[in-house]
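Residue numbers (numbering that gives the first Met the number 0), protein chains in the order written: chain A, 0 to 894; chain B, 0 to 89; chain C, 0 to 121.
Please note: incorrect hints may appear among the correct ones.
Computed footprint of chain B on chain A, listed as stretches where at least three residues anywhere in the stretch have a Cβ under 8 angstroms from a Cβ of chain B [unchecked claim]:
{"no.": "1", "stretch": "77-86"}
{"no.": "2", "stretch": "98-107"}
{"no.": "3", "stretch": "223-236"}
It should be emphasised that the hints constitute simulated quantities derived from the structure, not laboratory data.
From a predicted model like this one, the values you see are computed outputs, not experimental measurements.
Virtual Cβ for every residue (Gly too), placed ideally from N, Cα, C.
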Amino acid sequence: MIGFNILVLVCLAYVAVLFTVAFAAEKRAERGEVGWLRSPIVYTLSLSIYCTAWTFYGAVGYAVRSGLEFVTIYLGPTLVMVGWWWVVRKLVRIGRSQRITSIADLISSRYGKSNLLGVLVTLLAVIGTTPYIALQLQSVALSFSVFSGDEAAVWDAGNLKNTALLVAAGLAVFTILFGTRRLDANERHHGVVTAIALEAVVKLVALLAVGIFVVWGVAGGAGDIVARIDASGVAEWNLAGGRWTTLIFLSAAAFLCLPRMFQVMVVENADERHVAVASWAFPLYLFLMSLFVIPIAVVGLDVLPGGNPDLYVLTVPLSLGQDNLAMLSFLGGFSSATSMVIVAAIALSTMVSNHIVMPIWLNLRRGGATVSGDVRNVVLLSRRVSIGAVLALGYLYFKLSGGGAALAAIGLISFAGVAQVLPSLLGGLFWRGATRAGAALGLTIGFAIWAYTLFLPSFGDTFVMSAAMLQDGPFGIAWLRPRALFGFDGLDPVVHAVFWSMVLNTGAFLLGSVFSFPEPLERLQGAQFVNVFEHSPNAPGWSRGLAEAEDLLIMSQRILGASEAQALFRGAAERQGKGGYLPDTTPDFIELLERELAGSVGAATAHAMIGQIVGGSVVSVEDLMAVADETAQIMEVSSRLKTQSEELSRTAGQLRDANEKLTALSIQKDAFLSQISHELRTPMTSIRAFSEILMSGPMTEEEQTKFSKIIHDEAIRLTRLLDDLLDLSVLENGQVTLNWQTADLHDVLERAVTSTVSMAGDRGLEIIRDPSVERVALVTDSDRLAQVFINLIANARKYCTAQNPILRIVVSDGGAGVNVDFIDNGSGIPRPSQSVIFEKFSRLSDKSQAGGAGLGLAICREIMVKLGGSVTYLPGQGGAAFRVALPRAQARAAQ
Amino acid sequence: MSPPNGSVFVERRTYRRRRMMDAARLLPILGALLFLVPIFWTGNAEAPATTARGVIYVFAIWAGLIVVSARLSRWLTPKGGEDADWDRRE
Amino acid sequence: MRKRVLLIEDEPNIIQAISFILSRDGWTVDTHADGQTAVAEVARRTPDIVILDVMLPNRSGFDILADLRADEATRALPVLMLTARGQKRDRELAERFGASRFMTKPFSNAEVLDCVRELTGS
Chain A
0 MIGFNILVLV CLAYVAVLFT VAFAAEKRAE RGEVGWLRSP IVYTLSLSIY
50 CTAWTFYGAV GYAVRSGLEF VTIYLGPTLV MVGWWWVVRK LVRIGRSQRI
100 TSIADLISSR YGKSNLLGVL VTLLAVIGTT PYIALQLQSV ALSFSVFSGD
150 EAAVWDAGNL KNTALLVAAG LAVFTILFGT RRLDANERHH GVVTAIALEA
200 VVKLVALLAV GIFVVWGVAG GAGDIVARID ASGVAEWNLA GGRWTTLIFL
250 SAAAFLCLPR MFQVMVVENA DERHVAVASW AFPLYLFLMS LFVIPIAVVG
300 LDVLPGGNPD LYVLTVPLSL GQDNLAMLSF LGGFSSATSM VIVAAIALST
350 MVSNHIVMPI WLNLRRGGAT VSGDVRNVVL LSRRVSIGAV LALGYLYFKL
400 SGGGAALAAI GLISFAGVAQ VLPSLLGGLF WRGATRAGAA LGLTIGFAIW
450 AYTLFLPSFG DTFVMSAAML QDGPFGIAWL RPRALFGFDG LDPVVHAVFW
500 SMVLNTGAFL LGSVFSFPEP LERLQGAQFV NVFEHSPNAP GWSRGLAEAE
550 DLLIMSQRIL GASEAQALFR GAAERQGKGG YLPDTTPDFI ELLERELAGS
600 VGAATAHAMI GQIVGGSVVS VEDLMAVADE TAQIMEVSSR LKTQSEELSR
650 TAGQLRDANE KLTALSIQKD AFLSQISHEL RTPMTSIRAF SEILMSGPMT
700 EEEQTKFSKI IHDEAIRLTR LLDDLLDLSV LENGQVTLNW QTADLHDVLE
750 RAVTSTVSMA GDRGLEIIRD PSVERVALVT DSDRLAQVFI NLIANARKYC
800 TAQNPILRIV VSDGGAGVNV DFIDNGSGIP RPSQSVIFEK FSRLSDKSQA
850 GGAGLGLAIC REIMVKLGGS VTYLPGQGGA AFRVALPRAQ ARAAQ
Chain B
0 MSPPNGSVFV ERRTYRRRRM MDAARLLPIL GALLFLVPIF WTGNAEAPAT
50 TARGVIYVFA IWAGLIVVSA RLSRWLTPKG GEDADWDRRE
Chain C
0 MRKRVLLIED EPNIIQAISF ILSRDGWTVD THADGQTAVA EVARRTPDIV
50 ILDVMLPNRS GFDILADLRA DEATRALPVL MLTARGQKRD RELAERFGAS
100 RFMTKPFSNA EVLDCVRELT GS
C-alpha cells in the first residue's frame, strides 16, 4: 500500500512538473519558438479538458448504474467535431476575426456588442460551472482518501475539505501565474495549453493502462470480457430512448457552449487548420477514453462488488496490488480535475472581468477612461481576483453541499444550464434575423426554466423548494410542478428539463427575433458573423473624426501598454501617410483600435470605452440605417469606390510618370542640341578664323601651309561628325539595314586592326592577339562589327596613356556567345565615368587628343544591340577594357 | 453568388473538393442517425439485444466515423495559399 | 609697353588662331586651357583683358567669371566671353555674371580684335 506521504510527494512532484512545463512553454513562446506549441496535436489534446474527473472516475460508475448510456456524453462531442465544417470552423473563424475572448463575448458581440447579454451569459456560466468545479475538488479529495484507506483515523471529513482547500489554492496560484500573464485574452496561453496537453496525455495513458490491465491482466482478453459483460449486472439491455437521444444532444450542445470548451476550442486556437485535424483526432481521443469503461466496470463489479463504482478506476488496481498502476490512475484523475478547473477559471474570470467588473468600473468613473489611473492594471487585477473568486466559490459550494451524491448528479445539470446558450449561439451564426431582444428573451426563459425544473430541485426539498412544492407545484398549481411542467408526467427529470427549457428558449428566441427590430450595429455584426467567410471583418461602426487621437492614445496605452499602443498608432499613422504617433481618427482606424482593445477587455467594454472618447452614442444611427440594410451592399459599394479611387491614383501616377519622362526627354533634347551646336561650331570657328587669316594678308610659306592644313583637318572633323550623327540617327531610329552574312571572327578582327594601323599616325600601339582562338563562325554584319572593333582599337590608340601602349584582344567563350575583350594598359576609366561613356558626347579626356565628337561608343552600343550582342565596360582589368559580346552562329541562325 | 462560384463547369479538382465539403456536412447527420439506431433495438429469442452487442455496435460506428472524418479532413485542409475554397460560402 | 591678353580656351586650333590674330596686332598673348586653375592664372598673370571660353574642362566659364567678379582686384577686369553653344540662355547667364562682352563662335577675326581694343581702351 502506498503511504499517504509518498502520495503527497508524488502529487507535488507532478505539480512541479506541470509548472516547469508551463514555464518552459511560456519562455519558448516568448523567444518566438512556438513550433510544436501550436501544432494540431496540442490543440486536439487541449480539447480533452472536456473529459474531467467526472468522466475519468464517473464514467465507470455511470456504466455500472446505466450500462451503455455513459457513452452518450462522448457521442455528442464526436458528432460536433465530425461535423466541424458546419459549426466549429465558423466559430473559430469568427473568434479570430472578431477577437472574441469568451462565449459571453461572442454572444455580446454578435448582438450589437450588448453588455446585457454578456452579463446574462456570464451569470449562466458562473452558476453552471461553480458546482462543476466543486465536483472536481471533491473527486481529488476522494481519491486522496482512497489511498489513506488504512489510515482512516486521520481521514475524516475535515481532512477531505482541507485537501480540497489546498488543491483549490494551488490551482488558483497556477491559473493566476500562467493564465493572466498577458492582458490580451485573445492571445494564446502557451504555458496553460501545454500543461493541459500534457495532462491530457497522462489521463489517457492512465485510463488505457488500467483498461489494458483489466482486460488482459485480470480477464482473459477481449473474448472473455464480452462473456463477462454478458454475465454481469450490466448485461441487460435497458436503453431508454428518450434519455439516449437527449443526452447525445445535450453533450453536443454543452461541448459547444461550455465556457472552458470555448476557451480552448476558439480562443486558444492558433490556426484554423488545426480544427480539421481535431475533427477526427478528438473523436479518436474520446473513443480511446471510453473504450475500457465497460470492461473496468464489469471487472470492478466482480472484484469489488460492494465498492463505490465511481472509484473503480482507482480501487480495482489498488485492491489487486497494482500500486504503481493505481498511482498512475490517481495522477490521471488528478490531471482531469486540475486541467478542467484551470481552464474553466481562466474562461470564467475573463467573462466576469470583461462583462461585470469592467463595465461597473467604467460606470463609476463616468469622467471617461482618459482620467488618471491605469486601466491595464485594473483589468489584470480584476481578472486575477475573479480567478480567486471562482475557485473560492467552487470550494464553498463543495463545503456547503457536503460533498455528497448530490454533487455527482451536477454534471448533467451543469450541461443543461450552459446548453441554454445554444439557440442564441447557432441562431447568431446562421440567421441574420436573430436579434438582441430574441437572444435575451430566449436566454432568460431557458435559464429560468432550467433553474426551476432541474437546478433548484437538485438540492432536494431543503433549499428554496419545499417538498410540497416539488410534489404539488407552487401554491398547489399542478401544471407548474417543477418535474412535470404542463402536466408532462413520468418523464426523466433531465429529459423533462432539457426538453422544456430548449423548446421554450428556442421559441422565445425565434419569436423575439421576428417581432423585434435590430439596431444598426446588431445588423452589421449579424451580417459579419453569418457571412464571416465572405467578408473581411471591417464593419463601419464609428462616425468620422469626432475622437481626439491623443485621448485615444492615452487610453490605449493604459490598456495595451505604452509600447504596443504606440506601435499601433504609429503604424496606423504611417499607413495614412503621416508621421508621428497620431493618425487621423478615421472610422477604419477606430474600428481597428476597437478590435485591438476588444482582445483585452471584450467587445462591449471596448465599444463603451471608445464611445466615451469618441463621444456619446457614436454610431450615426440614421446614416447606418440607410446603408446597413444589406451589408453586402456596403461591401460592394465600398469595394467599388476603392477600385475607382485606386484606378484614379493609378492614372494620376501614370500621368506623373509620363510627365516626368517628357520633361526628362525635353531636357535631354535641349542638351543634345546644345552639344551638337558646340561640336559643329568649334571646327567652324577654326576654319573661319584661319580662312580670314589667310585672306588678310602676307605670311610665310610655312605659316600658309600650316593654316591650310588646320582648315583641312577641321573640315574633315566636321564631315566625320556629320557622318556619325547621321549614322547614329539611322541606328537609333531602326532604319538601318543590316547585311547578315556568315563571317569569321578572325577575319573581322584582322580587317579592323589593319585599317587602324593604316590610319595610325604618330602613336605606336602594340596589339597582342591569339589567332588560334579567334576562329569562331558568326552570323553577323561584318562591316558593322568591324566598325565597332575599329572604334575600340582607335580609342585605345587615342586615349591609352601608357609609355608603351599595348592593347590585348582576348577572345573567350561566354556561355551563350563569344566575348571579345579589348584591354589596354593605360590608366583606365574612373568609376564614376564608366556609366556615362556610352552616352552621346560623353568625351572624357581633354579635346586635344580626341578629335572625335564623343559619339563613337554610343554608335558602337547601338550597333551591338542591333547585332544581338552588347558592348560593355569591363572594370578591374588594369587598363581601360571593353567587352564585346556576340551571339554564336547557330544561336543567330535559329532565330 | 460571386462569379467564380457561379460558373456551371468547374475544374475537376474543384468539383471533387465541393463534393468532399458536401460529404463533410452530411457525415455528422449520418453519424447521428446511426447512433440513434440502438433506441429501436428490442431483440428476439435468437439474437437478444445485450449490452455487449450494443458496445460492439456503437464502437464500430464510432471507429468508422473517425476513419471517414480523417479522410475528409485531409481532403479539405487547404495547403498554403489555396484558401479560396476553404472560405466558400455556406 | 605691350598690353597683355590671357586667353582661357581648350581647343588647340582656336587658341592658335586667336593668338595669331592678337600677336599680329601687337598684344602679348598668354594661354591657359584648364578651368580649375583659371582664376589663379588670372591673378598670377594680371592681364589687361581675359578672353574666356564657356565650355572648359573641369570648370565652367561662368563659374570662373563669377569668381573674378567677386574679387576686388578683378572686379573691373574686362572679360570677353566666347561660347560655341550659342543659346539665348548662355547670353543671359553671361550678362548676369557680368561679362564685359559676349561672342558666339564662329566669330570674325576683326570683330574679336575690335572688341579687345575697345574693352582695353586702346
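- Has the stretch 223-236 of chain A got at least three residues whose CB is nearer than 8 angstroms to a CB belonging to chain B? holds (count 7)
- Message: Please check whether the stretch 98-107 of chain A has three or more residues whose CB lies within less than 8 angstroms of a CB on chain B.
- Response: violated (count 0)
- Message: Using C-beta distances, would you say chain B covers the stretch 77-86 of chain A, given that this needs three or more residues below 8 angstroms?
- Response: holds (count 9)
Checked against the numbered hints listed earlier, the structure breaks hint 2 alone; every other hint is satisfied.
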